[in-house]
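J.: Protein sequence lines, in the order shown, are assigned to chains A and B. Counting with the working numbering, you get residues 1 to 460 for the letters of the first sequence. Counting with the working numbering, you get residues 1 to 277 for the letters of the second sequence.
It is worth saying that the hints were derived from the structure and are not from the lab. Values in this document were obtained by computation on a predicted structure and should not be read as measured data. Just so you know, not all the hints are guaranteed correct.
[What the hints assert, rightly or not] Residues from chain A shown here face chain B by an in silico Cβ test under 7 Å; the list is partial:
#1 PHE14
#2 PHE15
#3 ALA29
#4 THR31
#5 TYR68
#6 THR382
#7 LEU399
#8 MET407
Where a beta carbon is used, it is the ideal one built from N, C-alpha and C, also for glycine.
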Amino acid sequence: MKNQDGISRQIWVFFCSVKLTVYLLVLLAVTSVIGTVVLQNGSPQQYIDLYGQGIYNLIQVFDIHDMYHAWWFLLLLVLLCINITVCSIERLSLKWKTIFPDQVRFNADRFLKSKSRQTIDMAKPVNQLAESCERWLEKQVGPVIRQTENLTTYLYSEKGRWSRLGVYVVHASVLLLLAGALIGAVFGFKANVRIDEGNQTGRVFESKTREPIDLAFMIRCNEFEVSFYDTGAPKEFRSSLTIIEDGQESLTTDIRVNHPLRYKGINIFQSSYGTAAPDTVEMRIVDNTAGTEISRDIRIGETVDLPDGAGQFTLQGFLPHFEFRGHDLGETFFGLVTLTGETGFQIGLPVRFPTFDKMRKGRFTFVAEDFEKRYYTGLQVTRDPGVWYVYAGFILMILGCWVTFFMSHQSILLAITSLDNGQTRLVLSGKTNRNPRNMKLKLKNMAAHLENQLNKGDQI
Amino acid sequence: MNSAFALSTTTFLYGLATVCYVGAFAFKKKLFATAGFYLLAAGFLANTVGIGLRWVESYQMGIGRAPFSNMYESLVFFSWTMVLLYLYVEVKYKEQGFGVFVSPLIFLSIAYASFDPSISAKINPLIPALKSNWLIAHVVTCFLGYAGFALAFGLSLTYFVKPKQPGLNPIFSRLPDEEIIDELTYQMVVFGFLFLTIGIITGAVWANSAWGKYWSWDPKETWSLITWFVYAIFLHLRMMRGWYGRNLALVSITGFLAVLFTYFGVNFLLSGLHSYS
Ligand code: HEM
């Protein structure tokens, strides 16, 4: 990329800079705060009530009601990705020869000038020492390169050259993660569905838009169970589900919170529960004029004749909660009473208050006595084909950070020279791409160890 | 002995240690700092026993859960991680000077847990969504990360109490010199960054297994990401000219403020899924 000119080169240089990274990260950090203070995904009315019309206009222009998906926030992320890509390409192409050299070489002068070098003088001949030292260095660091120039023998060894790649792994992991998020956003969905015990469905509803989505299989809820602690707090929700594919039952399993079912790329989570509408209710109809009463089961939607051809009663439906003058009367059935020659009227029959309909003081009193209680299970159904890329990004990010932070490329040079007075001088020196203070300490320890070993004799 | 007793002892020991470190700083007495070190170590022991006993007690109550699940437990654990890291650094780098800034944080965290009436020390059973091994991994790694940032914060503060020419005021001669502070701050940020990264990731994996979404921009999540951004900024600024010493220390201090906001501010000021801790 070096010899391009003009605009494209300028753009390249712009995206190479770490300064841009800092600006982008600052912008991301600062703007992210907005979404934690301003209500997200509210209705227009909520915004107007909270902030007034003027600010609401502003919120709309900048998509602040859903700011983490706003164009400008995504733009910041895209710029960050370009920044990472360009910067990594540039630096990697510069560093490639260092990380993957054809042949490992060393510049002895640069090592020997280092301030952290350690010197040991010994009264033994060079040749004898060189052998022992080579074995020692191989054990301590790794394969040794041996070179002899004039009166000096150089022993060079290194480890962790590959750890220089760590930082590129971290940066690549950011890209992988964002790519996974993008794939999930484009090809995935998050939906909800309620299934009554005993029922089945293959259609779920997108969480935000409520659009129906048809699955490739049916889900049947066999049973739902909730258990409580003594304190009344919920302990466990459990649904027994059966997957039915092409009319065949292919799988039956329990799901709990934190223990979802994953089937053919679709994840099914336990998310809520409630009382399902029953099919039938046992009803009592009292004829207050005649003093007679009948009891029978009535299905929802069924119409029955009242005694003496006085009219008809249709059981219309069921509500788990019925609000009446500010009170929750609980599970309630609804019906339509049509007396002969009159227009019909609707009545509510709360199960917990059997005398409720009596207060109407009509000819007939209706009482919903008992019904078979059923739950429905609330499931969250998701598909996210990007999640594996995200998880791969997670793993790479942790590994990359670990390598970058705690490993380094360390090279050690041991120079062995004979001195005029018949002694031999060992100079131990080292270099590292990270944390030079540690290297100094390390060299000190190594020198002490080496001297100790050499004095003990030839047993290394 | 029970966990409540062990943890009150811990609070007391950390309080004494803080007094010693402050004494060492004010009177330039090495002896005080050494006493502070041993008090912290003793407190750490009591702290460990306290957390362990609480775990055992939860099983005795028939609840049986790891002691990392509410505000009280997380504060106690935060003290524990900070002491652990501090003791390690003091032993490894033989620097006692910044104990004066870290020991108050250690003490405050556990003292706040015990004395604020709105924080309950009761062992309550877990709601279904919190019953997950990912929760333990998430809390442990987040608080290791926070401990790294807390130490970096303590180190950064030394820049602002130390005169520019150290010869001027002998009181400050107990503080480590700038090169070492710089290096240590960096090491602590790096440690914190790694563990915050793992913390955010385990949180995401847990969310995915409980709710089918690894990221939902819940305020606590978002604030931990903001904190992560601040420390990423720290790491990159450090490679640019002119960014060392005080300037960089300011970034580390900002980062720790973001940590505190993630931890406390979000609970009290914003609403979301994480209201338990
Ligand atoms: C969210 C995004 C990013 C994260 C999490 C991240 C993370 C990191 C980490 C952990 C390091 C190692 C720091 C150290 O060794 O102290 C690093 C180094 C670096 N980053 Fe980033 N980074 C990000 C974005 C970028 C971008 C956009 C650029 C583009 C210019 C960039 C350029 C660099 C460079 C040049 C280094 C130094 C590499 C070396 O030491 O050879 N980073 N980054």
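J.: Which of the stated hints cannot be reconciled with the structure, identified by number in ascending sequence?
T.: The structure breaks hints 1, 2, 4, 7, 8; every other hint is satisfied.
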